[in-house]
Amino acid sequence: MTVSVALAAYNGKEFIEEQINSILPQLSAEDEIVISLDPSTDGTREMICFISEKDRRVKLFDGMGRGVIKNFENAITHCKNDIIFLCDQDDIWLDGKVERVKKEFENPETVLVMHDAKIVDKELNTIESSFFEQRKSGTGIVKNLIKNTYIGCCMAFRRSCCEYLLPIPENIPMHDQWIGLMCERHGKVALINEPLILYRRHGGNASSDKHSSVLNMIKCRLQMISALLKR
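For the sequence shown, the residue numbers in this note's numbering are 84 to 314.
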């Protein structure tokens, strides 16, 4: 069971080396880290190229500069292996994450696995010991349409799922909710109630934990329902 890590990067030089270094020791020689880099100005490209020259499992592809969803889609499209892990540029993977997640895929009915995370600040000080507990995470299409608890940086799914996941619709709020809901429609989603990453929250995160307006939330839900029905 081979692994591809789909990492979306943009102006991520401050943290990306630390993230990559937490992943590589967990990968086999056949595994890969696929990085889609949107146009950046802080030296992220040079940092990734330096790392990839030392370890050919790190593969760099140019993003289209169309935002985080399309950046992840580009990374996923270039993944070649059996299981695709989604990865942010600024977190830390804890030892044993890859093997623990792969174990869940020994069940042939499982198409997606999501694990818990410890929420930390920029300096890795703990803010919350459990993302699942804070967010009341769980499976269920209706539950996750009303209040999304899917989080991309804690997800892995079978590459075969790309048949119905891609392309990611243009008008949905975020890719992780789309992936979670679509996988629920097609197979079993397994949850691991164990933090396997340090989920770093800081001023530069691409996603936000702040609520938008009620009208915007209703609009986003309708857009997601419409996209699900069309696929």
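One thing to keep in mind: the hints can contain errors.
[Claimed, not checked] Cβ pair distances, simulated, as ranges:
1) Cys245 / Ser213: 26 to 34 angstroms
2) Glu246 / Asp145: 20 to 28 angstroms
3) Cys132 / Lys226: 40 to 48 angstroms
4) Thr124 / Arg268: 37 to 45 angstroms
5) Glu113 / Pro250: 21 to 29 angstroms
6) Thr160 / Arg268: 19 to 27 angstroms
7) Arg268 / Gln217: 41 to 49 angstroms
8) Leu298 / Glu206: 35 to 43 angstroms
9) Tyr247 / Gly148: 43 to 51 angstroms
[Unchecked claim] Below, simulated DSSO-like cross-link-like pairs (lysine-lysine); rule was C-alpha separation at most 27 angstroms, straight line:
10) Lys201 / Lys226
11) Lys219 / Lys205
12) Lys185 / Lys201
13) Lys302 / Lys163
If you are wondering where the hints come from, they were derived from the structure by calculation, not from laboratory data. All values derive from a computational prediction rather than experimental measurement. Idealized CB from N, CA, C, for every residue including glycine.
Outcome of the hint check:
1. Cys245 / Ser213: 26 to 34 angstroms: holds (30 angstroms)
2. Glu246 / Asp145: 20 to 28 angstroms: Check passed, 25 angstroms falls within 20 to 28 angstroms.
3. Cys132 / Lys226: 40 to 48 angstroms: holds (43 angstroms)
4. Thr124 / Arg268: 37 to 45 angstroms: Roughly 40 angstroms apart at Cβ, these two residues keep to the hinted range, so it holds.
5. Glu113 / Pro250: 21 to 29 angstroms: holds (27 angstroms)
6. Thr160 / Arg268: 19 to 27 angstroms: Roughly 21 angstroms apart at Cβ, these two residues keep to the hinted range, so it holds.
7. Arg268 / Gln217: 41 to 49 angstroms: Violated, at about 26 angstroms.
8. Leu298 / Glu206: 35 to 43 angstroms: Holds - the Cβ-Cβ distance for leucine 298 and glutamate 206, about 37 angstroms, lies within 35 to 43 angstroms.
9. Tyr247 / Gly148: 43 to 51 angstroms: violated (26 angstroms)
10. Lys201 / Lys226: Roughly 22 angstroms separates the two Cα atoms, so the pair holds.
11. Lys219 / Lys205: holds (24 angstroms)
12. Lys185 / Lys201: holds (20 angstroms)
13. Lys302 / Lys163: violated (35 angstroms)
Consistency with the previously given hints fails for numbers 7, 9 and 13, ordered from lowest to highest.
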